[in-house]
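Peer 1: My request is simple: use the sequences and hints to build the entire structure.
Chains as they are written, first to last, in this note's numbering: chain E, 356 to 854; chain H, 356 to 854.
Source of the hints: derived by calculation from the structure; they are not laboratory data. Be a bit skeptical, because a hint or two may be false.
The list cannot tell twin chains apart, which means a pair is met if one copy fits it or any two copies do.
Said to hold, decoys possible - Derived lysine-lysine pairs resembling BS3-like cross-links, with alpha carbons at most 27 Å apart: (1) K730 x K478; (2) K444 x K364; (3) K364 x K411; (4) K396 x K364; (5) K813 x K396; (6) K740 x K490.
2 protein chains.
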Amino acid sequence: MTLEQAIAKLNEFQTAATAYGHAMGVMYVDGDTAAPALSYKGRGNTMAYLSGITYKLVVNDETAEICQTILDNRDKVTDVQARQAELLKEEYEDMTRIPMDEFVAYQQIQTEAAAIWHEAKEKSDYAMFAPYLEKLIDYNRRFASYKDSSKPAYDVMLDGYEKGASTATLDPFFATLREKLTPVILAVADKPAPRTDFLEKSFPVHIQREFSSRLMAIMGMDPQRCTIAETEHPFTSGFNKWDVRITTHYHENNVASSMYSVIHEGGHALYELGTADDIQFTSLATGATMGLHESQSRFYENLIGRSLPFCRVVLPVMQELFPRQMEGVTAEMLYAAVNKAQPSLIRTEADELTYAMHIMIRYEMEKLMFNGDAKVSELPALWNKMYKDYLGVTVPDDRRGILQDTHWSGGMFGYFPSYALGSAYGVQMLSNMEKDVDVWGAVGKGDLTPVTAWLGDKLHRYGKLLTPDKLLLNAMGEPFNPVCYTDYLTKKFSELYKL
Amino acid sequence: MTLEQAIAKLNEFQTAATAYGHAMGVMYVDGDTAAPALSYKGRGNTMAYLSGITYKLVVNDETAEICQTILDNRDKVTDVQARQAELLKEEYEDMTRIPMDEFVAYQQIQTEAAAIWHEAKEKSDYAMFAPYLEKLIDYNRRFASYKDSSKPAYDVMLDGYEKGASTATLDPFFATLREKLTPVILAVADKPAPRTDFLEKSFPVHIQREFSSRLMAIMGMDPQRCTIAETEHPFTSGFNKWDVRITTHYHENNVASSMYSVIHEGGHALYELGTADDIQFTSLATGATMGLHESQSRFYENLIGRSLPFCRVVLPVMQELFPRQMEGVTAEMLYAAVNKAQPSLIRTEADELTYAMHIMIRYEMEKLMFNGDAKVSELPALWNKMYKDYLGVTVPDDRRGILQDTHWSGGMFGYFPSYALGSAYGVQMLSNMEKDVDVWGAVGKGDLTPVTAWLGDKLHRYGKLLTPDKLLLNAMGEPFNPVCYTDYLTKKFSELYKL
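Peer 2: Structural data, given as structure tokens:
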């Protein structure tokens with residue numbers, strides 16, 4: 356195969372893979388937002404069929420040769436072509452080990468599990484979801500062993516979401532968080548809680564929808580390129596820089612819930628919207644790792660969205676849309692309320708300080724699922740016990756317990772640690788950004804453009820073009836150090852709670 | 356090729372074609388409902404790529420042999436297999452004449468044209484849309500000549516939507532309508548118009564949404580299998596019996612507009628929802644022709660939805676949801692108002708009596724586009740002139756003129772006559788149904804189940820399994836006679852307007 360042939364075939368692959376990824380991505384978003392409940396019966400077939408095709412796109416006799424030809428001519432190809440070949444080679448090597456019938460069957464299980472999880476969560480019926488969870492765990496364990504049987508299954512999965520992550524790197528990371536944050540959490544618990552009652556009045560959903568649009572405008576999200584829908588569990592899907600979707604979930608008596616979902620998903624969306632023109636419609640036009648993706652969502656949600664300057668900017672908007680509910684509320688009161696730290700049940704609504712504990716529980720649960728010998732039927736009891744141990748709260752039902760998150764229903768095991776890593780990355784990015792940009796001046800003016808432009812320049816535009824390591828160093832300006840994160844939380848909550 | 360091989364390959368084709376049709380259908384619906392405005396930039400690429408693949412699924416060396424092998428063994432295969440082979444053979448013969456690059460380019464144009472039409476309509480800017488319309492006409496004219504160069508292009512297109520239709524059959528059909536209906540329209544114009552002011556008060560959109568759900572419930576549409584969204588131009592898409600979508604458009608000061616859109620699209624949806632289990636996930640699981648499809652939508656919209664018994668059933672629902680607006684309105688007043696006959700500008704909001712005139716104008720326009728020598732730049736003036744001639748109304752702008760309908764932006768030329776044919780078919784189906792079912796007793800009870808069950812039995816369940824001719828005879832019980840339709844309209848409007 357000549358280099359020209361290899362490049363032509365690589366381009367063909369990018370076109371095809373992008374088209375299938377796009378179609379399947381839209382079907383997924385549609386399935387979770389607009390499609391009728393029973394539509395999963397047909398969607399499963401279609402997704403399984405298209406997955407089979409995408410599998411064959413990657414796993415075929417030519418792929419290895421295409422990639423090798425390009426990588427052997429590193430000096431004659433563009434950076435974009437070289438990186439595409441590098442990533443395709445990795446994908447090929449991973450997927451070629453999974454038999455196609457198992458890969459297709461797994462897609463079908465995933466589609467069904469997603470639909471069943473919705474119903475199971477609504478009915479708080481874990482038994483209904485358990486058989487699917489068991490299958491998803493089995494498949495993932497098997498796939499991990501196909502990829503690399505020399506490593507524990509869970510380490511293979513962790514590495515899949517965050518290059519280089521393993522229990523060997525994460526155990527000490529989480530140990531640091533637990534050691535540094537537990538005293539702060541305990542000290543906060545002794546202090547009087549701030550008022551939050553004004554956020555728990557009745558906020559009509561149709562006005563919350565307008566509030567979401569206003570938040571997206573403050574964040575500088577182009578409505579011509581990003582829309583919002585409603586789902587049980589908020590998520591972001593990006594297909595290219597002209598088509599990104601976020602979702603949220605409205606609770607009439609909790610305006611902060613959707614508000615911070617929108618800002619969180621908005622952070623993911625800005626990453627996808629910021630990918631460069633020359634990588635569109637290729638495998639590079641997306642976030643580099645889950646940890647980097649979460650660094651952006653948690654950055655906007657917490658470092659910006661839960662700052663006092665942002666509260667000053669958003670309060671007048673809230674008072675315009677919800678005049679009666681927000682009457683007499685000051686920016687300081689709002690800032691205190693949205694930073695109320697208290698052990699709680701629901702991860703997505705957890706405060707910034709106790710959030711990492713929710714992640715630790717899921718990390719420990721996943722270790723038990725894959726490296727331990729916990730049975731699927733025992734998981735809810737283990738979950739409830741950990742919530743008692745780590746956070747001191749009693750889980751009243753599985754809906755607010757083990758069924759709360761969508762991740763496992765989608766077969767995403769090993770994803771959760773990315774949230775904690777991302778949170779920590781974000782803090783270091785912020786302190787690096789502050790050297791170049793008047794962050795708080797910009798936030799104070801309600802114009803996040805300079806913030807997003809800086810992140811765009813250091814991170815977003817590259818997509819997957821650079822390795823995660825290089826991107827992290829680019830954005831953080833120094834090696835990763837989890838103590839920056841714990842120092843930030845300690846300082847913020849010591850001031851807030853006058854510890 | 357053995358028969359077993361042919362059947363296996365036919366099944367493979369059905370699976371693949373269903374999957375691609377499903378994915379592209381969802382992308383289309385999503386693109387028109389939830390996707391951001393600029394998403395068309397990426398959707399065009401994906402749709403073009405997937406269209407190319409579906410083209411190759413049909414147009415390849417084996418297709419003809421698969422079909423012929425099955426059709427040569429008619430006594431050894433099921434009716435479903437034989438009909439699939441018959442339809443695939445037709446599709447193969449049609450498509451094989453279109454070069455693939457033209458087919459793919461056409462898909463891309465269609466996607467772009469749909470997006471541009473939205474903007475052009477909003478801005479009432481025909482010049483913006485004109486270059487796309489010109490290309491769409493050119494492609495369709497060329498495709499028609501590829502299919503059958505011995506016939507005029509427009510006849511080839513008409514036959515594509517309604518088997519057997521041509522200007523030779525439609526000219527006398529429309530002549531009958533014009534001859535019989537014009538005196539009625541003129542007589543009605545001399546009578547005092549009924550009150551409609553109560554339908555033009557302020558009807559908040561979020562309550563109209565609830566009204567749509569109630570209408571869908573009255574029609575017996577399973578919400579687990581059919582959902583509703585909002586688009587500029589209402590439409591229905593069915594993917595299988597578990598996944599059908601309808602859309603509507605809300606106008607705050609015109610509650611009847613969305614109400615009858617929902618009932619109309621509901622009729623389409625019931626057809627798709629009623630297809631039998633044994634044809635799901637095959638090319639047979641959809642309506643047989645556009646005329647048959649429109650017979651169902653117009654049946655529910657007009658014969659049922661604009662009847663006095665239906666007005667009696669729906670009025671209490673309207674009075675519950677819109678108590679202030681509907682205060683003092685009687686069923687007779689509602690019946691008179693929703694049947695107000697008056698020459699008007701917008702087809703989708705036209706009354707039952709003048710509706711056929713809107714169709715005739717489009718039919719004449721299409722004849723000019725394809726068989727005549729009208730230039731694209733001249734079309735708006737021609738449109739406006741015909742509205743003056745046929746309906747006596749002055750078109751104020753292209754938004755309410757030539758840009759009002761989505762069909763041409765989707766390359767659907769020759770579709771419009773199906774609406775008039777469908778309206779006429781429906782009248783004959785109703786009189787056949789009345790022999791078996793107490794239609795008005797059922798409607799009076801607000802339970803359309805017996806009506807839909809009868810149509811399901813005679814028509815819906817078959818999908819495309821039977822030929823259109825057989826289905827028509829099955830449902831109408833006698834040969835087609837347009838005078839039944841004009842007699843029905845004459846009687847209804849003579850009584851309503853005391854002619």
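Peer 1: With reference to the structure, classify each hint as holding or not holding.
Peer 2: Consistency of the hints with the structure:
| no. | hint | in the structure |
| --- | --- | --- |
| 1 | K730 x K478 | within (22 Å within a copy, 61 Å between copies) |
| 2 | K444 x K364 | within (14 Å within a copy, 33 Å between copies) |
| 3 | K364 x K411 | both (14 Å within a copy, 19 Å between copies) |
| 4 | K396 x K364 | between (35 Å within a copy, 23 Å between copies) |
| 5 | K813 x K396 | between (43 Å within a copy, 26 Å between copies) |
| 6 | K740 x K490 | within (24 Å within a copy, 66 Å between copies) |
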